[in-house]
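Peer 1: Sequence:
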Amino acid sequence: MIRNLQSQDFAVTEDEVEQSPLALETHLPSMAMALVLDTSGSMKGAIETAGRAASSSADLVRPEDEKMFLTFSDRVQVAETFSKDKEAVKKAIGAIKARGNTALYDAAWQAVRSFEDKAGRKAVILLTDGYDGFQKVASVAVDNTRMESQDPSISLTVQTFPLPETKARWIKIVLLNNYGGSYVQLGEIKLMGFFTADLTSNWVNLRR
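Numbers 2 to 209, taken from our numbering, label the letters of the sequence shown in order.
These are computed hints drawn from the structure, not numbers from a lab.
Heads up, some of the hints might be wrong.
The list that follows gives simulated cross-link-like pairs (lysine-lysine, BS3-like), each with its CA atoms no further than 27 Å apart [claimed, not checked]:
#, residue 1, residue 2
1, K45, K91
2, K119, K91
3, K45, K98
4, K191, K98
5, K45, K92
6, K87, K191
7, K191, K91
8, K119, K45
9, K87, K119
10, K119, K85
11, K119, K92
12, K85, K98
Put together the whole structure using the sequences plus the hints.
Peer 2: Here it is as structure tokens:
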């Protein structure tokens, strides 16, 4: 990809005659984004921060792009299906409560599979404290299928708070080796909003 091209960077000819003036317009491909938020009991101290981070991400996505919002504790729930209505997504985010266990791998598995009929760019932002305590599907599905719908056009980013190395290594092995993507440990809870907004902006503007 060559970035920041202007009209003067192009020469268009017809029958060897240069055509001018030349107008240049940028059309970014569509994007579908899944926001995945840990609402387990261990997130009680961070749920408001995580909710604000998810809401700011929904605000930054273009009107023509689709958003989906998933939550997970004991099980994964689709709080809002793919939609261009950012206010509906933000309303669903505003209704979250922290309770229950943490089906982290199930949530990532379901988020990735949700893009099966989507064209264009696809992105997942998963916000969690990183402790999985209640996995039903992904522990088996990842091992056996290596993510049936593994798709290089899906960008998966997992954000957690600081974790012991054994926990961090498990996330890297089980999630990212199978799903692809990136893993970020945030030094402080308050950085979640900043990093999420920056990540979304990069995706929306094709800087990532």
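Peer 1: Now tell me, hint by hint, if it's right for this structure.
Peer 2: Structure-based check of all given hints:
no. : hint         : result
1   : K45 <-> K91  : 19 Å, holds
2   : K119 <-> K91 : 22 Å, holds
3   : K45 <-> K98  : 8 Å, holds
4   : K191 <-> K98 : 19 Å, holds
5   : K45 <-> K92  : 19 Å, holds
6   : K87 <-> K191 : 23 Å, holds
7   : K191 <-> K91 : 19 Å, holds
8   : K119 <-> K45 : 33 Å, violated
9   : K87 <-> K119 : 18 Å, holds
10  : K119 <-> K85 : 13 Å, holds
11  : K119 <-> K92 : 24 Å, holds
12  : K85 <-> K98  : 24 Å, holds
Of the numbered hints listed earlier, the single one contradicted by the structure is hint 8.
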